[in-house]
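> What follows is the residue order along each chain.
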Amino acid sequence: MNALLVRRAGHYGFIAFCAAAFIFLVAPILVIVPLSFNAEPYFTFTEGMLRLDPDAYSLRWYRNVVEDEAWSRALVNSLIIGSAATLLATALGTLAALGLASPAMPGRALITGILISPMVTPIIIVAVGMFFFYSSIGLGQSYTGLILAHAALGAPFVVITVTATLSGFDRTLLRAAASLGAGPLRSFFRVQLPLIAPGVFSGGLFAFATSFDEVVVVLFMGGLEQRTIPRQMWSGIREQISPSILAVAVFLIAFAVLALFTVQWLRQRSAEAR
Amino acid sequence: MQLRGPRATAVALTLPLLAFIGLSFVAPLGTLLSKSAYEPNVANILPRTLAALDGWDGDGLPPEAAFASLAEELPKARQERTLVRVAGPVNRLKSGMRRVLTRTARQVEKAEYAGSWRETLIGINPAWQEPDTWLAIQAAGARFTLRHYLQALDLERRPDGGIGLRSEESRIYMPLLWRTLLVSLGVTLLCLAIGYPIAHLIATSPPKRSNLLLLMVLVPFWTSLLVRTTAWIVLLQRQGVINSLLVALGITPDSERLEMIYNMTGTFTAMTHVLLPFMVLPLYSVMRSIPPTHMAAAASLGANPVQGFMRVYLPQTLPGIGAGGLLVFILAIGYYITPALVGGRSGQLISNMIAYHVQTSLNWGLAAALSSILLVAVIGLYLIYSRLIGIDRMRLG
Numbered sequence: 001m002n003a004l005l006v007r008r009a010g011h012y013g014f015i016a017f018c019a020a021a022f023i024f025l026v027a028p029i030l031v032i033v034p035l036s037f038n039a040e041p042y043f044t045f046t047e048g049m050l051r052l053d054p055d056a057y058s059l060r061w062y063r064n065v066v067e068d069e070a071w072s073r074a075l076v077n078s079l080i081i082g083s084a085a086t087l088l089a090t091a092l093g094t095l096a097a098l099g100l101a102s103p104a105m106p107g108r109a110l111i112t113g114i115l116i117s118p119m120v121t122p123i124i125i126v127a128v129g130m131f132f133f134y135s136s137i138g139l140g141q142s143y144t145g146l147i148l149a150h151a152a153l154g155a156p157f158v159v160i161t162v163t164a165t166l167s168g169f170d171r172t173l174l175r176a177a178a179s180l181g182a183g184p185l186r187s188f189f190r191v192q193l194p195l196i197a198p199g200v201f202s203g204g205l206f207a208f209a210t211s212f213d214e215v216v217v218v219l220f221m222g223g224l225e226q227r228t229i230p231r232q233m234w235s236g237i238r239e240q241i242s243p244s245i246l247a248v249a250v251f252l253i254a255f256a257v258l259a260l261f262t263v264q265w266l267r268q269r270s271a272e273a274r
Numbered sequence: 001m002q003l004r005g006p007r008a009t010a011v012a013l014t015l016p017l018l019a020f021i022g023l024s025f026v027a028p029l030g031t032l033l034s035k036s037a038y039e040p041n042v043a044n045i046l047p048r049t050l051a052a053l054d055g056w057d058g059d060g061l062p063p064e065a066a067f068a069s070l071a072e073e074l075p076k077a078r079q080e081r082t083l084v085r086v087a088g089p090v091n092r093l094k095s096g097m098r099r100v101l102t103r104t105a106r107q108v109e110k111a112e113y114a115g116s117w118r119e120t121l122i123g124i125n126p127a128w129q130e131p132d133t134w135l136a137i138q139a140a141g142a143r144f145t146l147r148h149y150l151q152a153l154d155l156e157r158r159p160d161g162g163i164g165l166r167s168e169e170s171r172i173y174m175p176l177l178w179r180t181l182l183v184s185l186g187v188t189l190l191c192l193a194i195g196y197p198i199a200h201l202i203a204t205s206p207p208k209r210s211n212l213l214l215l216m217v218l219v220p221f222w223t224s225l226l227v228r229t230t231a232w233i234v235l236l237q238r239q240g241v242i243n244s245l246l247v248a249l250g251i252t253p254d255s256e257r258l259e260m261i262y263n264m265t266g267t268f269t270a271m272t273h274v275l276l277p278f279m280v281l282p283l284y285s286v287m288r289s290i291p292p293t294h295m296a297a298a299a300s301l302g303a304n305p306v307q308g309f310m311r312v313y314l315p316q317t318l319p320g321i322g323a324g325g326l327l328v329f330i331l332a333i334g335y336y337i338t339p340a341l342v343g344g345r346s347g348q349l350i351s352n353m354i355a356y357h358v359q360t361s362l363n364w365g366l367a368a369a370l371s372s373i374l375l376v377a378v379i380g381l382y383l384i385y386s387r388l389i390g391i392d393r394m395r396l397g
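Those sequence lines, one after another, are chains A and B. Following the numbering used here, the numbering of the first sequence begins with 1 at its first residue and continues without gaps. Following the numbering used here, the numbering of the second sequence begins with 1 at its first residue and continues without gaps.
In case anyone wonders, no lab produced these hints; they're calculated from the structure. Some hints could be false.
[To be verified] Simulated restraints, written as ranges between beta carbons of each label pair:
#1 L318/B <-> L4/A: 29 to 39 Å
#2 L52/A <-> P207/B: 57 to 67 Å
#3 I251/B <-> E40/A: 44 to 54 Å
#4 E259/B <-> E69/A: 29 to 39 Å
#5 F144/B <-> V33/A: 52 to 62 Å
Note that CB positions come from ideal geometry on N, CA and C, so glycine has one too.
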């Protein structure tokens, strides 16, 4: 009887601990959403908000962001740099993953290690190195420089995701295509690519999210012209912290949730395709 | 090695990305690291002065030729706006030299020639009669130098030429490196302590609930780092949500609001929050593959839950602990953004020091030396990761 009680207490303790841990994970993100509708320039719940008084809520910070040219410019910059870097990273990363997945690939571990390294290298080292290097070849404070930099940071995600998708790819399909007279290019585009497309898309989404959230390289390499959303948030947090930041944060949370669901959906599709 | 057929195709497919990473990523790292030991500026700007100092061993004053060359090369550097590149490094070796050099460069052209350049320069600034001044120029003129590494390791060259530790109060970088390692270790352990139970819960829940719980890990994982850091500022600051709640509940008086951010607590909390998903996801994928029958079998053989956990479950999750732990630790020691935003003065890590030397003190050589020490640590851990877990096994979300 006693042992049962102990076990039960242990079980409830475990559940309580997990609940606290999940609150720790999610609460900070959830707290931001109502606060972004604060009618006052405070970062905490006003009495009116707690009473659910409609007057205590407003869209003023959203209006602020939409009307502020600096933010819309930052959005455009983020989209330009993000999409160009994603295209580059996805194209090169998918090719490399195809090579790495081939059973004939020599030195796979070493080459994968090199291709993945931008993901684990401390970002400050990357940013400072790129600042020196790109300035010395005339690409400092330029879109081109930032696109190249972000493509390098995003490519590892593409390599990892596409490699994972390819590990479930049945290579006999390629032989079947060849036996039916398809050349290597044709069998890639008609057979292999459609099957691994979900993996390629998720990889691209990871690469885009990486660029869309990258601030340190932009901080060191970008000029006033190339301010992105994270860069704009950075100065917002450091200099004049206004609840407009919370409105942008809610937008970024929505983007994250959308990206997450897209990736999950793509994964399901690729699992079903097998 | 034959390069034909499928092998050649495979290699050819990886080449474009390899070349791209080499140019856009490895070359910048190389540029940075080279600055830690190679400093050609002073040697390029004051070539003749340094040549004249070549035979001088620090005894008495250098030859007249050194004074004469300096009197010519300094104003030239001032005109070409390269003087700062000399003044910075020399000033770091002997403080006050920045002013001596800029003033001398400005005044030497107008100064009256006093019979010899030696007299003229000393007339402008008495610092030129100190051998130390010239020794500093001589040392800064070396193209290859290890002094940034010495400084980064808190070592110094003794007057007798030997190398020794700096006095305890002037050691900065090694304590900071230790602090970074300790914070990273602490964050890793905290992530493990929080992540292990929740990964287990996710892995053993029925599918629907498991998906929902997994979502609660993945949403933070995908949410912008800056957003999560902002969220912690909103929660933890003096006028923030938690403090206001504590005051409203009467737990803490208004005058004694807790300092939970802009210090080490802030760094620790926000870093743990950001890195926790990197621990949970590998643990979860390992735990999911452990059949629940194992624990039942242990129990049926007479093991109590603690024994069953220690001898059956835990050993099988070790690969997940290794993968998650190493990944969190690697990411933690290079952390920059979170400490910079919420670390205040006491919560800064080695990355922030590198940024300080690049942006504020402009001591790029030292920044590069610190970077290479950090990079060596990360590469070491990365090699362990690839040995133990395998890079190609890394999974996302």
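> For each hint, tell me whether it holds in the structure or not.
Evaluation of the provided hints:
1. Under the hint 29 to 39 Å, the C-beta atoms of L318/B and L4/A, about 31 Å apart, fit the expected range.
2. Distance hint check: the CB atoms of L52/A and P207/B are about 36 Å apart, inconsistent with the given range 57 to 67 Å.
3. Range check, I251/B to E40/A: Cβ separation about 24 Å, and the 44 to 54 Å hint is violated.
4. The hint said 29 to 39 Å for the Cβ distance between E259/B and E69/A, and at roughly 37 Å that hint holds.
5. Checked against the hint of 52 to 62 Å, the pair F144/B and V33/A passes, with Cβ atoms roughly 56 Å apart.
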